[in-house]
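Line order of the protein sequences matches chains A and B. Mapped onto my numbering, the consecutive letters of the first sequence carry residue numbers 1 to 388. Mapped onto my numbering, the consecutive letters of the second sequence carry residue numbers 1 to 337.
Hint data in this document are derived by calculation from the structure and do not stem from the laboratory. Do not take every clue at face value.
Unchecked claim - Okay, the calculated beta carbon distance ranges per label pair:
| hint | chain 1 | residue 1 | chain 2 | residue 2 | range |
| --- | --- | --- | --- | --- | --- |
| 1 | B | 337 | A | 189 | 52 to 62 angstroms |
| 2 | B | 40 | A | 335 | 57 to 67 angstroms |
| 3 | A | 4 | B | 39 | 39 to 49 angstroms |
Claimed, not checked - Okay, derived cross-link-like pairs now, EDC-like style, lysine to aspartate or glutamate, Cα gap no bigger than 16 angstroms in a straight line:
| hint | chain 1 | residue 1 | chain 2 | residue 2 |
| --- | --- | --- | --- | --- |
| 4 | A | 262 | B | 334 |
| 5 | B | 310 | A | 379 |
| 6 | B | 333 | A | 379 |
| 7 | B | 333 | A | 273 |
| 8 | B | 218 | A | 379 |
The beta-carbon is built from N, C-alpha and C at its ideal position, and this holds for glycine as well.
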Amino acid sequence: MDWSFPPEAEEFRNEVKEFIAEHLTDDVINSTHDGTIHNWEFHQKIAERGWLGGAVPSELGGGGKSAIEMAVMIEELQLAGAPIDGMGVAIVVASVVLELGNDHLKETLVPKLLSGETLVSFGYTEPDSGSDVAAAQTRAVKNGSEWIINGQKMWTTMAHIADYVLLLTRTNPDVPKHKGLTFFIVPLDAEGIEIQPVHTMGTERSNATFYDDVRIGDEWRIGDIDGGWEIMKAALKYERGIAGGQFPSPPLIDAFIDYAQKTTAPDGSYIIENPVVRERIVRSLIDVEVCRGFAYNTAFLASEGVMFGVEGSMTKLFASESYKKHSKWFIDMAGVEGLLYLGEDDAPVGGVIDEHFRHAPVTTIYGGTSEISRNLIAEGLLGLPRTR
Amino acid sequence: MYLRLSPDEESIKDIFDSFFDTECSIERVRSSEDSGFDADAWQRFVETGGPGMCLPEICGGGGADLTTAAIVADLLGRYVAPIPFIEHVVATRLIASLDQNNADLPQLATGELIASMALQPLSESTEIVPAGAVANRIIGFRGGEIIVIENANNASPLRNTANLPIARHSFDGGTVIASGDKARYWYQKARSEWQALMAVALTGLGRKAVDIGVTYAKERYQFGVLIGSFQGIQHGFASAITNIEGSHFLSSRAIAALQENANRGEQLAGMAFLFASEAALNAAATSLQYHGGYGFAEEYDVQLYYRRAKGWPLQLGDPGLEYQRIANLYLPKEGVH
Chain A
1 MDWSFPPEAE EFRNEVKEFI AEHLTDDVIN STHDGTIHNW EFHQKIAERG WLGGAVPSEL
61 GGGGKSAIEM AVMIEELQLA GAPIDGMGVA IVVASVVLEL GNDHLKETLV PKLLSGETLV
121 SFGYTEPDSG SDVAAAQTRA VKNGSEWIIN GQKMWTTMAH IADYVLLLTR TNPDVPKHKG
181 LTFFIVPLDA EGIEIQPVHT MGTERSNATF YDDVRIGDEW RIGDIDGGWE IMKAALKYER
241 GIAGGQFPSP PLIDAFIDYA QKTTAPDGSY IIENPVVRER IVRSLIDVEV CRGFAYNTAF
301 LASEGVMFGV EGSMTKLFAS ESYKKHSKWF IDMAGVEGLL YLGEDDAPVG GVIDEHFRHA
361 PVTTIYGGTS EISRNLIAEG LLGLPRTR
Chain B
1 MYLRLSPDEE SIKDIFDSFF DTECSIERVR SSEDSGFDAD AWQRFVETGG PGMCLPEICG
61 GGGADLTTAA IVADLLGRYV APIPFIEHVV ATRLIASLDQ NNADLPQLAT GELIASMALQ
121 PLSESTEIVP AGAVANRIIG FRGGEIIVIE NANNASPLRN TANLPIARHS FDGGTVIASG
181 DKARYWYQKA RSEWQALMAV ALTGLGRKAV DIGVTYAKER YQFGVLIGSF QGIQHGFASA
241 ITNIEGSHFL SSRAIAALQE NANRGEQLAG MAFLFASEAA LNAAATSLQY HGGYGFAEEY
301 DVQLYYRRAK GWPLQLGDPG LEYQRIANLY LPKEGVH
C-alpha cells in the first residue's frame with residue numbers, strides 16, 4: 001500500500017493553504033456565526049480559482065482536478081473551518097445537470113453555479129419523510145405543458161439565499177414508492193413558494209419551504225418522469241468525496257489546545273497540564289488520524305473510478321460520532337466558561353466550544369443518520385439481512 | 001497513492017495464509033494454550049524463511065520491508081497464532097541495525113534462535129518480557145544502554161489471561177551492545193515497530209472476531225428468526241467493524257511512516273497501537289456478547305479472541321501511560337505563563 005500523495009496533489013495542497021491564508025479572514029469565519037452557513041465572497045473566490053468547475057468530472061465538460069486533489073482541497077478547507085456547504089451543493093448540482101439535465105437547465109444553471117453566482121437548495125426531506133426519503137408526498141401534476149406543485153419541504157437549508165431548489169416530488173402515487181418520483185429544479189421566486197425560517201439548537205438557520213399551486217414549465221424537470229430515483233442516485237454519486245464532513249473536529253481541537261494553554265483551572269494549574277485533559281486531546285487527535293485514513297481511502301477509490309457505498313457510510317459514521325464525543329469532552333474541560341455563548345466577554349476562544357457542542361448533534365443526523373449508516377454497513381459489508 | 005495490496009503482496013499473503021491455516025489452525029492454537037507457543041509451527045515457519053524476512057540480505061535475511069511484515073502480522077492476528085513473530089522481527093531488526101556483524105545474526109535470521117525485547121525501559125530488577133519463555137536473546141533498555149541477555153529460554157512461563165509465553169527475567173549480567181543517543185534512537189524505533197505491527201495484528205484479530213460473531217448470528221435462531229436480523233445486533237457489529245476498518249487504515253499508515261522513516265512514524269505507531277487495542281477488544285467483546293451464554297463457554301472460539309485482544313497489547317503496560325507519552329510528543333507541557 002502506498003499512502004503518499006502524488007506531487008501535483010502536494011503542490012495543490014500548498015496552493016489551497018495559501019488561498020486559505022489569504023481569503024479565509026476572521027470576517028469570513030465570523031459571518032458564518034450568525035446562522036448563515038454560507039459566505040458568498042469566499043465561495044466566489046473559490047469559483048474564481050476554477051475549483052468548482054475543476055471538481056466536475058471531465059467527461060461532463062468540467063475537470064482539471066483529480067479525485068485526490070479534491071480530497072486534499074476538502075481536507076484543508078475543513079481543517080481551517082471554512083464554510084464549504086455551498087461549494088458541495090454547487091459541484092453536485094452542476095454535475096447532475098450536466099449528466100442528466102436538459103439543455104435549458106445546462107444553459108441557465110451550470111455557468112452561474114460554477115461561477116459562484118447562484119446556489120441551489122436541496123429539497124428532499126419532508127415533515128413526514130426524513131430517512132425514508134423515497135416516501136416524499138409533495139405532488140407534481142402535469143397540466144398541459146406545465147406542472148403544478150403542491151407540498152412542503154423541511155430542512156431546505158440555504159433556501160433563503162439560494163435561487164433554486166432541487167425538488168423531489170411524487171408524480172405517481174400508485175406504484176412502489178421509488179418508482180413514482182420526479183425531480184425538478186424550481187426557481188425560488190416562482191409564485192406560490194413561501195420560505196419560513198427554522199431556527200435550530202445549533203447556530204444554523206434552516207428553512208421550511210411551502211409550495212402552493214406552484215406552476216413551472218417542463219423545461220425545469222430533470223430526468224425522466226417517474227425516474228427521480230436515478231437523479232437521487234446521481235446526486236449521491238457526485239456527493240461522494242466532496243461532501244466534506246470528514247474533519248469537523250480539528251478546528252475545535254486547535255481552539256481548545258490554545259485555550260487550555262492560556263487558562264488556569266480552579267486549583268491554579270493550567271488546563272493543559274491536567275493528565276485527563278491531555279489523554280482526551282490525544283484520543284481526539286487519534287480519531288482525526290482515523291478520519292484521515294477513511295478520507296484518503298475514499299479519495300483513492302474515487303480516483304480508481306470505484307462506486308463506493310459502504311466506505312462512505314463508515315467514514316460519515318466515524319467522523320460524526322467521534323466529533324459529537326469530542327464536543328462533549330471539550331465543553332466539560334472548559335468548565336463553566338465552556339457554556340458561554342459567542343460574544344460573551346469570558347467565552348473561551350470566542351465561544352466556539354459552546355457552538356461546536358450545539359452543532360455536533362446534527363452531524364450524526366443529516367446526510368444519513370448514524371442508524372441508517374449502521375443499517376447500510378450491516379447489510380452491505382457484513383451481509384446481514386435487511387431489516388426494513 | 002495505492003491502497004490495495006500489490007500482486008506481489010497478494011502472493012505473499014496467500015502463501016502465509018495457507019501456512020497459518022495449516023500450522024496455526026484453531027485446534028493447534030488450543031493445543032498450545034499451556035505454553036502459548038507452538039514449537040512445531042515455529043519450525044515450519046523457519047522453513048518458510050519467515051523469521052528473517054525483514055532482515056537485510058547482508059545479515060542473511062530476506063531483505064523485505066516492514067510492509068511485508070505487516071502482511072504476516074495481519075494474518076497472525078487473524079489466526080491468533082502462537083508464534084512470537086512480531087517480537088522476533090523487531091528485536092532482530094534492532095540488533096542488525098546496531099551491528100550487521102553480530103555473531104548471533106545468522107541464526108536469528110533463520111529463526112534457529114528466537115529474539116524478543118522488553119517493551120518499556122527497565123526500572124525494576126526483573127521484568128515480565130513478551131515471548132520471554134521462548135526467546136533465546138532478549139533486549140532491554142536501561143540507563144541509556146541497550147542490553148542483551150542470552151540463553152534466556154529456560155525461564156518458566158507465567159500463566160496468564162491471553163496464554164502468552166511471557167516470563168520474568170533479570171537483565172543483570174547482560175551484554176551492552178549500544179549506548180547514548182544511538183541506543184535511545186534504535187530502541188525507540190524498535191518499540192514503535194512493535195506497536196505498529198501489533199496494531200496490524202490486533203486489526204486482523206478484531207476483523208476475525210467480527211467474522212466469527214456475524215457467522216454465528218447468521219445461524220442462530222431465537223424468537224423464530226435469525227438473531228442477525230435484529231437491528232440491535234446489526235448496529236453493534238456495524239460499529240465494531242467500522243472501528244476495525246479505521247484501525248486498518250491507521251495501522252497501515254503507521255507502518256508506511258516507519259518504513260519511510262517519516263518523522264511522524266513514532267506518533268502514528270503509538271496512535272495506531274492505542275486505537276487498535278480498543279477496536280480489537282471492542283470487536284471481540286461485541287462478538288462474544290452476541291453469542292449469548294455460549295460466548296462465555298470455553299468450547300466457542302470467540303473467547304480465545306477476547307482474551308488475546310486484551311493480553312497482546314497489555315504486554316506494553318498500562319495504555320494510560322502511553323496516552324501520556326503521546327501527549328508529550330504533541331502538546332506543550334505547561335501553560336503560557
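To see whether the hints hold, each was checked on the structure:
1. B:337 to A:189: 52 to 62 angstroms: Hint holds: Cβ distance 59 angstroms, inside 52 to 62 angstroms.
2. B:40 to A:335: 57 to 67 angstroms: With a Cβ separation near 60 angstroms, residue 40 of chain B and residue 335 of chain A satisfy 57 to 67 angstroms, so the hint holds.
3. A:4 to B:39: 39 to 49 angstroms: holds, 41 angstroms
4. A:262 to B:334: holds, 9 angstroms
5. B:310 to A:379: violated, 29 angstroms
6. B:333 to A:379: Violated, at about 46 angstroms.
7. B:333 to A:273: holds, 6 angstroms
8. B:218 to A:379: holds, 12 angstroms
Hint compliance for this structure: hints 5, 6 are broken, all remaining hints hold.
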